[in-house]
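Model the full assembly from the supplied sequences, consistent with the hints where possible.
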Amino acid sequence: NAGVMQNPRHLVRRRGQEARLRCSPMKGHSHVYWYRQLPEEGLKFMVYLQKENIIDESGMPKERFSAEFPKEGPSILRIQQVVRGDSAAYFCASSQSSDTQYFGPGTRLTVL
Amino acid sequence: RKEVEQDPGPFNVPEGATVAFNCTYSNSASQSFFWYRQDCRKEPKLLMSVYSSGNEDGRFTAQLNRASQYISLLIRDSKLSDSATYLCVYSGGGADGLTFGKGTHLIIQP
Numbered sequence: 001n002a003g004v005m006q007n008p009r010h011l012v013r014r015r016g017q018e019a020r021l022r023c024s025p026m027k028g029h030s031h032v033y034w035y036r037q038l039p040e041e042g043l044k045f046m047v048y049l050q051k052e053n054i055i056d057e058s059g060m061p062k063e064r065f066s067a068e069f070p071k072e073g074p075s076i077l078r079i080q081q082v083v084r085g086d087s088a089a090y091f092c093a094s095s096q097s098s099d100t101q102y103f104g105p106g107t108r109l110t111v112l
Numbered sequence: 113r114k115e116v117e118q119d120p121g122p123f124n125v126p127e128g129a130t131v132a133f134n135c136t137y138s139n140s141a142s143q144s145f146f147w148y149r150q151d152c153r154k155e156p157k158l159l160m161s162v163y164s165s166g167n168e169d170g171r172f173t174a175q176l177n178r179a180s181q182y183i184s185l186l187i188r189d190s191k192l193s194d195s196a197t198y199l200c201v202y203s204g205g206g207a208d209g210l211t212f213g214k215g216t217h218l219i220i221q222p
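Sequence order for the protein chains is C and L.
Quick note: the first sequence, position 89, residue 89 per this note's numbering, numbers continuous.
Quick note: the second sequence, position 105, residue 217 per this note's numbering, numbers continuous.
Rather than coming from a laboratory, the hints here were simulated on the basis of the structure.
Worth double-checking, as some hints may not be accurate.
Heads up, simulated DSS-like pairs for lysine-lysine below, C-alpha to C-alpha not over 25 angstroms straight-line [unchecked claim]:
{"id": "1", "chain 1": "L", "residue 1": "Lys191", "chain 2": "L", "residue 2": "Lys214"}
{"id": "2", "chain 1": "C", "residue 1": "Lys51", "chain 2": "C", "residue 2": "Lys27"}
{"id": "3", "chain 1": "C", "residue 1": "Lys71", "chain 2": "C", "residue 2": "Lys51"}
{"id": "4", "chain 1": "C", "residue 1": "Lys62", "chain 2": "L", "residue 2": "Lys191"}
{"id": "5", "chain 1": "L", "residue 1": "Lys154", "chain 2": "L", "residue 2": "Lys191"}
{"id": "6", "chain 1": "L", "residue 1": "Lys154", "chain 2": "C", "residue 2": "Lys44"}
{"id": "7", "chain 1": "C", "residue 1": "Lys71", "chain 2": "C", "residue 2": "Lys27"}
{"id": "8", "chain 1": "L", "residue 1": "Lys157", "chain 2": "C", "residue 2": "Lys44"}
{"id": "9", "chain 1": "L", "residue 1": "Lys157", "chain 2": "L", "residue 2": "Lys191"}
{"id": "10", "chain 1": "L", "residue 1": "Lys214", "chain 2": "C", "residue 2": "Lys27"}
{"id": "11", "chain 1": "L", "residue 1": "Lys157", "chain 2": "L", "residue 2": "Lys214"}
{"id": "12", "chain 1": "C", "residue 1": "Lys62", "chain 2": "C", "residue 2": "Lys44"}
{"id": "13", "chain 1": "C", "residue 1": "Lys51", "chain 2": "C", "residue 2": "Lys62"}
{"id": "14", "chain 1": "C", "residue 1": "Lys27", "chain 2": "L", "residue 2": "Lys154"}
{"id": "15", "chain 1": "L", "residue 1": "Lys214", "chain 2": "L", "residue 2": "Lys154"}
{"id": "16", "chain 1": "C", "residue 1": "Lys44", "chain 2": "L", "residue 2": "Lys214"}
Some chain C residues near chain L, calculated using beta-carbon distances under 7 angstroms [unchecked claim]:
{"id": "17", "residue": "Tyr33"}
{"id": "18", "residue": "Gly42"}
{"id": "19", "residue": "Leu43"}
{"id": "20", "residue": "Phe45"}
{"id": "21", "residue": "Tyr48"}
{"id": "22", "residue": "Ala88"}
{"id": "23", "residue": "Phe91"}
{"id": "24", "residue": "Phe103"}
{"id": "25", "residue": "Gly106"}
Derived contacts from chain L toward chain C, CB cut-off under 8 angstroms, selection only [to be verified]:
{"id": "26", "residue": "Gly128"}
{"id": "27", "residue": "Ala179"}
{"id": "28", "residue": "Tyr182"}
{"id": "29", "residue": "Asp194"}
{"id": "30", "residue": "Gly215"}
{"id": "31", "residue": "Ile219"}
{"id": "32", "residue": "Ile220"}
Think of the CB as a built atom: it goes at the ideal place given N, C-alpha and C, for glycine as much as any other residue.
Spelled out as structure tokens, the structure:
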């Protein structure tokens, strides 16, 4: 049973470009969470999704960031018009109901 | 006041020693508590859940004190492989996601 998968593992973008981060939850998990870890900081909750629904986006920046979890396919975290301050590690976690969250390996975004 | 406060360390501890970390949290509505471990540039991994009655898993013992809003982790007979950052985490308290501390960095020295 494969764990949580994220791709790409590393992503480099220039300021103003778009970044798309993908997350495939563990088999049987329908709950997906996105977290951001800035350098030298703790993980911060961004958004919680179930299939086709955003349940809690209280941690998402108000502009440029969006997330989806379609009926088919992975969850996507999209960052438009990236800025240097978006450089961070973005972790996805999945769970079965509101059970233990299992984390993916993360995507390290670098904005030049 | 920060939601979760931890001593960032680093704690430099000789192999075989016992080491203890503490963590305080500010949200009294928090429901569940955990210790996660994060190795350098890796994802967090669940080490253990924390209960008021205290729980033990091998060399690791965790304790929760709700009255003082305080969580502890004790590692006995430390191994080189215990070197990592230990994250104090809670869930509930009004948010659906987990709330993480910045972590305590532990270095076990041979």
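Hints not upheld, ascending by number: Hints 4, 10, 22, 26, 27, 28, 29, 31, 32 are the ones this structure does not satisfy, whereas the remaining hints hold.
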